[in-house]
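Engineer: Residue numbers (this note's numbering), protein chains in the order written: chain A, 27 to 342; chain B, 27 to 342; chain C, 304 to 559; chain D, 304 to 559.
Just so you know, not all the hints are guaranteed correct.
Stated by the list, open to error - Once the Cα atoms are required to be at most 16 Å apart in a straight line, the calculated EDC-like pairs of lysine to aspartate or glutamate come out as:
#1 B:Lys-181 to A:Asp-184
#2 A:Lys-254 to D:Asp-388
#3 B:Lys-141 to D:Glu-423
#4 A:Lys-41 to D:Asp-323
#5 A:Lys-254 to B:Asp-219
#6 A:Lys-48 to D:Asp-348
#7 D:Lys-508 to D:Glu-320
#8 B:Lys-41 to C:Asp-323
#9 A:Lys-41 to D:Asp-348
#10 C:Lys-325 to C:Asp-348
#11 C:Lys-325 to B:Asp-42
#12 A:Lys-141 to C:Asp-421
#13 D:Lys-426 to B:Glu-136
#14 C:Lys-484 to C:Asp-496
#15 D:Lys-325 to A:Glu-39
#16 B:Lys-176 to D:Glu-423
#17 B:Lys-191 to D:Asp-473
#18 A:Lys-113 to C:Glu-423
#19 A:Lys-41 to D:Glu-322
#20 B:Lys-41 to C:Asp-348
#21 A:Lys-176 to C:Asp-461
#22 D:Lys-325 to A:Asp-42
#23 C:Lys-426 to A:Glu-136
#24 A:Lys-89 to A:Asp-61
#25 B:Lys-41 to C:Glu-322
#26 B:Lys-254 to A:Asp-219
#27 A:Lys-181 to B:Asp-184
#28 B:Lys-141 to B:Asp-112
What the hints assert, rightly or not - Label-pair ranges, simulated between beta-carbon atoms:
#29 B:Glu-33 to A:Ser-244: 48 to 54 Å
#30 B:Glu-309 to A:Gln-37: 56 to 62 Å
#31 C:Asp-421 to A:Ala-315: 41 to 47 Å
#32 C:Glu-452 to B:Ser-44: 33 to 39 Å
#33 C:Ala-559 to B:Glu-33: 47 to 53 Å
#34 B:Asp-184 to A:Gln-37: 19 to 25 Å
Bear in mind the hints are in silico, worked out from the structure with no lab data behind them. Treat the numbers as computed from the prediction; the structure is a model and nothing was measured. Think of the CB as a built atom: it goes at the ideal place given N, C-alpha and C, for glycine as much as any other residue.
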Amino acid sequence: MVLDFVEARKQIEAKDHSMRDKLMPPEEAAKLVRDGDHMAIGGIMYSRTPMAMIREVIRRGVKGLTASRLLFSFESDMLFVAGSVDKAVTSWISMAVTWGVSKIMRNYVEGGKVKLEEWSHAGINLRYKAGAMGVPFLPTLSMLGSDLMKYNGAKEMDCPFTGRKLCLVPALYPDVAVIHVQRADRYGNVQVDGMPFADADLARASGRVIVTAEEIVSTDRIRREGDKTVIPFFCVDAVVEAPFGSYPHECPGLYQADYEHFHRYADTVAKKGVDGVKEYLQEYVYGPASYYDYLQKFHIANLMKNVGLSRRLVSD
Amino acid sequence: MVLDFVEARKQIEAKDHSMRDKLMPPEEAAKLVRDGDHMAIGGIMYSRTPMAMIREVIRRGVKGLTASRLLFSFESDMLFVAGSVDKAVTSWISMAVTWGVSKIMRNYVEGGKVKLEEWSHAGINLRYKAGAMGVPFLPTLSMLGSDLMKYNGAKEMDCPFTGRKLCLVPALYPDVAVIHVQRADRYGNVQVDGMPFADADLARASGRVIVTAEEIVSTDRIRREGDKTVIPFFCVDAVVEAPFGSYPHECPGLYQADYEHFHRYADTVAKKGVDGVKEYLQEYVYGPASYYDYLQKFHIANLMKNVGLSRRLVSD
Amino acid sequence: MPGYTTAELVTVMASRELEDRKTAFVGAGLPLISAALAQKTHAPDLTIIFEGGAVAPLIHPTLAPYSTNEARATRFALMVSSPSDLFNLLHRGYIDYGFLGGAQIDKYGNINTSVIGDFEHPKVRLPGSGGANDISSLCTKTMIVTHHEKRRFIEKIDFLTSPGYLAGGDSRRAAGLIFGKVDRLVSHLCVMDFDEESGVMRVKKLHPGVTIEDVLENTGFAPLVAEKLETTSPPTERELKILRELDPEGMYVPHA
Amino acid sequence: MPGYTTAELVTVMASRELEDRKTAFVGAGLPLISAALAQKTHAPDLTIIFEGGAVAPLIHPTLAPYSTNEARATRFALMVSSPSDLFNLLHRGYIDYGFLGGAQIDKYGNINTSVIGDFEHPKVRLPGSGGANDISSLCTKTMIVTHHEKRRFIEKIDFLTSPGYLAGGDSRRAAGLIFGKVDRLVSHLCVMDFDEESGVMRVKKLHPGVTIEDVLENTGFAPLVAEKLETTSPPTERELKILRELDPEGMYVPHA
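Chain A on its own, in the form it takes in the complex (with noise of 0.2 Å):
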């Protein structure tokens, strides 16, 4: 069950609010999503994905996970087989329109070993919303008449003030949030460029808040543009420096996401299933020694070209 907005309030009314240095590598951070969570996963689909932080929590062999996202991609193959959730709360799951259903994600829903639980796009949506604003729900005409409706716990009302029918969704207050941004300061104030996501709701819904960052900027340089700021510091707990910690997933604004590796990995599992899976994470995750290890692997030269590809987007 996810957390009453009473709870939850408390959770944060207990917190240290103050504005101390919360960087840290992100093996300390991992030790922030614990056994059983509800753990909300920044991003959409292969844009600012925390891979590094997803790595790190498979890596630990967290187990038990309630993982929510706006709409999963590729990394819920990854915690699926790695075994770190048993249940996934979200709008939409497929590797991508392009490379098609998830095989994996069917394997495990199907065969009952991952349960997931599926609101509309703008439903999911706004129970991070409703989160953000400490409130127990919030109103929609989205999902009524649905049979989405009768599985995920949303519930019908008369509007008091219209008699209109309406769908009430609940608060969702994760345990903890993982996120990867742009940048950040060493206090956790963050700052994004592009599409910012349900990123800042998810921040203020969930007790815990780790953030990952491309760069770790000063916090003068945030100061001198404060209306960029989408998360401020005494939401975070701890601030990660992650030079392409999205990678092979995209970060807007400095490097696309690597399709090649994408068309591989897919081909994989299309061929291996979850085997193809297995050892795509000893490869990718068990195996490298460290952070810089990791991208070692996929060639300097890819790193570049995709940051290039990015560049080139909106230079041309």
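For this one, chain A is given, so just place chains B, C and D on it according to the hints.
Structural biologist: Quick look at chains B, C and D alone, frame taken from chain A:
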């Protein structure tokens, strides 16, 4: 009465959503404010107040308006004394802490010439937010147990998820919103620097939207920083070029408020009351033959002084 | 040999259904190509919006997005906002058109993209709603765009992910879905609309060379048939040329 | 002659009640000076937040804000956001302290800043709630800071703008106000807290030279009195020096 969310949506559906040239002179734009309208005013207190459009509305002799704003300041004196506004909806109305309670507000509200509907600051924000979301209400734990709820139309309910008591704040769907910003293109793509206030919500909640901008920029410029756009063109009906369009109020990043003007104004009102405002309207609203004749009255030296102080704020 | 693929036919026919000066929520793949084609033909002022947050992006000629939720899909957009903001604009009535596909479709235009079999113990788990439920609940006009096959057009769908007319008649409205409607279905065989009274799918236009029998044979339920069946004119050379330029590798819309 | 004004006394005493490493919603004028004083004395890691949207701004030494909703109040802030975002953070429990003043205050710490007389036909219309109701409804600890006078501390307020303990006892909780509380009142005579059981104001500390009789004479209702009344130590030279540097013209806190 305020529009029901269903009616409010039908109005939006029926509008032309195309990206067409909406640049027009202030007199033309002011025709979108009609007798009896609910007019939502952007900015807060003396920051980004759409003064250019407020002057036009007064000059046109529009009557019977309900005016809403997060926090009202000097501009409400003008709207009351001009006879444009019958009712104000807000959380707070005063000249400002420094200049004290508005004698004019007291005169008009105590005298029954203007009805004042009061919400908490979070409450009025939630009303616009609900409007922007297209729903009939939003829940909060503010205002419970207070006398505000006895008069303002918020409703209590027991949360169907948690059994907790909640305050439901009804959505506000203004007929028209007037908003002043730093820049927009001629189609109505709007960007704001610094405090966003509730302007993005006003624009989404309102049936008609008038935007005055310090600078009309090319659409190419908008596209270079799309993540700074807070209002998309299809929400906007009129775009007005209005340099110093908030003066003597401030426009963050460009000029600070003319405090000396406020001091003189407060002195005048303290001495002459309503007659002082009538003289003020004559001098600053009805008198000036053109937009620039109005600005000329402040003397270029003052305008430049307040531009300079705005720059000094961040250069020192 | 008509000189175009069924996917090309569907894309062209869908694009023709889009009026100019409107806004459209567009997904990756065929819908994007279809809307882009409309922009380059009869609807230059159609605004393309991605639910991920981008309003009117300028797609790079060779760096087209694989998904609508990546940086490529936001290139030089007029606004780059959040999905929740875009869904709010949808709720307010600012989005005129939405596109949907579906694994299973019934005669009321209800769509299943969640599961084949039982929800809790699915035989086949599909990707899920994404924004589809929101689009069909809230878009002023939703258009279903799909390949036309009997196993897809069925009497009873396993799970109702995205509402059409629900059980028909007044049931959509009675469920509280008072905004928007499923307005049209474009397949490689025909264009359908929905009878306002009953909410049942109605064959309205047949594509070149298609007979009403072809449609009925490939539909797993009995649709209504318009009194005056129209016939669409085949994709023009110009349409096909533009379409192929938009998707030069045929990644989303395979070429002939 | 104590060498400081009553406003200075209140400001110093309020600042001392603020713990370090906490966050505070601060209004223009005395509260801002009080919080800034705390930062420069015992609470260097206190975070000042303006409900208009600014988190931890750096106030310019000579261009201080006249209101917390203007650019001067956002100077080099860590975050410049919207009031609704700040109120959400308040709702979530991220704001430890809030400051309130009030035209009328009752023994349960309920405050009126709306009307003297009848709401619909007021004798005196005051500015209204602003964020005050939200602060006293939702701030973890709300502090009332005020001049202490009989006409202000009254048995029955004309209008309840901002909730304290409502009718006392369990009534605040029963009304649904399950978050936060009115924690303290700092006046120029004393510091009060509230009895948790009855919700009634309780004199806790007397300022230098003030007797309990002084307090009772200037209070229009009967407050509780702590068993062991403490006495505050007078403002130090250092506190007064810093305070006067923070408001050199005595605009918000008049100097001696």
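Engineer: Work down the list of hints and note, for each, if the structure agrees.
Structural biologist: Going through the hints against the structure:
In summary, the hint linking Lys-181 (chain B) to Asp-184 (chain A) is supported, as the alpha carbons are separated by about 14 Å, within the 16 Å threshold. For the proposed pair Lys-254 (chain A) and Asp-388 (chain D), the alpha carbon gap of about 14 Å is at most 16 Å, so the pair holds. Distance restraint check for Lys-141 (chain B) and Glu-423 (chain D): the Cα-Cα separation of roughly 8 Å lies within the 16 Å cut-off, and the hinted pair is therefore satisfied. About 14 Å separates the Cα atoms of Lys-41 (chain A) and Asp-323 (chain D), which keeps this hinted pair within 16 Å; it holds.
Between Lys-254 (chain A) and Asp-219 (chain B) the alpha-carbon distance is near 10 Å, which keeps this suggested pair within the 16 Å criterion. At roughly 15 Å between alpha-carbon atoms, Lys-48 (chain A) and Asp-348 (chain D) fall within 16 Å of each other, so this suggested pair holds. For the given pair, Lys-508 (chain D) sits about 12 Å from Glu-320 (chain D) by alpha-carbon distance, which is consistent with the 16 Å threshold. Restraint check for Lys-41 (chain B) and Asp-323 (chain C): the C-alpha separation of about 14 Å stays at or below 16 Å, so the hint holds.
Our distance criterion of 16 Å between C-alpha atoms is met by Lys-41 (chain A) and Asp-348 (chain D), whose separation comes to about 15 Å. For the hint pairing Lys-325 (chain C) with Asp-348 (chain C), the CA-to-CA distance comes to about 7 Å; that is within 16 Å, so the pair holds. With a CA separation close to 8 Å, the supplied pair Lys-325 (chain C) and Asp-42 (chain B) stays within the 16 Å bound. A threshold of 16 Å between alpha carbons decides the hint, and for Lys-141 (chain A) with Asp-421 (chain C) the separation of about 13 Å falls inside it, so the pair holds.
At most 16 Å may separate the alpha-carbon atoms for a hinted pair to count; Lys-426 (chain D) and Glu-136 (chain B) meet this at roughly 6 Å. Between the alpha carbons of Lys-484 (chain C) and Asp-496 (chain C) the distance comes to roughly 11 Å, so the proposed pair stays at or under 16 Å and holds. Proximity of Lys-325 (chain D) to Glu-39 (chain A) is assessed by CA-CA distance (about 10 Å); at most 16 Å being required, the pair is judged to hold. Proposed proximity of Lys-176 (chain B) and Glu-423 (chain D) is supported: the alpha carbons are some 11 Å apart, at most 16 Å.
Between Lys-191 (chain B) and Asp-473 (chain D), the direct Cα distance comes to roughly 14 Å. Compliance with the 16 Å bound is thereby established for this hinted pair. Taking the CA atoms of Lys-113 (chain A) and Glu-423 (chain C), the gap is near 12 Å; set against the 16 Å cutoff, the hint holds. Using a Cα cut-off of 16 Å, the hinted pair Lys-41 (chain A) and Glu-322 (chain D) holds, with the two alpha carbons roughly 14 Å apart. The suggested pairing of Lys-41 (chain B) with Asp-348 (chain C) holds, with an alpha-carbon distance near 15 Å, which does not exceed 16 Å.
Of the supplied pair hints, the one linking Lys-176 (chain A) and Asp-461 (chain C) holds, its CA atoms being roughly 13 Å apart against a limit of 16 Å. A threshold of 16 Å between alpha carbons decides the hint, and for Lys-325 (chain D) with Asp-42 (chain A) the separation of about 8 Å falls inside it, so the pair holds. Taken as a hint, the Lys-426 (chain C) and Glu-136 (chain A) pair is honoured in the structure, with Cα atoms around 6 Å apart against an allowance of 16 Å. Distance check on the hinted pair: Lys-89 (chain A) and Asp-61 (chain A) sit about 5 Å apart at the alpha-carbon level, within 16 Å; holds.
A C-alpha spacing of about 14 Å is found between Lys-41 (chain B) and Glu-322 (chain C), which places the hinted pair at or below 16 Å, so the restraint holds. A threshold of 16 Å between alpha carbons decides the hint, and for Lys-254 (chain B) with Asp-219 (chain A) the separation of about 10 Å falls inside it, so the pair holds. As the CA atoms of Lys-181 (chain A) and Asp-184 (chain B) are separated by approximately 14 Å, the hinted pair is consistent with the 16 Å bound. Restraint check for Lys-141 (chain B) and Asp-112 (chain B): the C-alpha separation of about 6 Å stays at or below 16 Å, so the hint holds.
Checked against the hint of 48 to 54 Å, the pair Glu-33 (chain B) and Ser-244 (chain A) passes, with Cβ atoms roughly 51 Å apart. As the Cβ distance of Glu-309 (chain B) to Gln-37 (chain A) is approximately 57 Å, the hint placing it in 56 to 62 Å holds. Distance hint check for Asp-421 (chain C) and Ala-315 (chain A): the Cβ-Cβ separation is about 45 Å, which falls inside the suggested range of 41 to 47 Å. Judged by the Cβ atoms, the range 33 to 39 Å given for Glu-452 (chain C) and Ser-44 (chain B) holds: they are separated by roughly 37 Å.
The given range of 47 to 53 Å is respected by Ala-559 (chain C) and Glu-33 (chain B), whose C-beta atoms sit roughly 49 Å from each other. Between Asp-184 (chain B) and Gln-37 (chain A) the beta carbons are some 24 Å apart, a value that agrees with the proposed interval 19 to 25 Å.
When the structure is compared with the earlier hints, no violation turns up for any of them.
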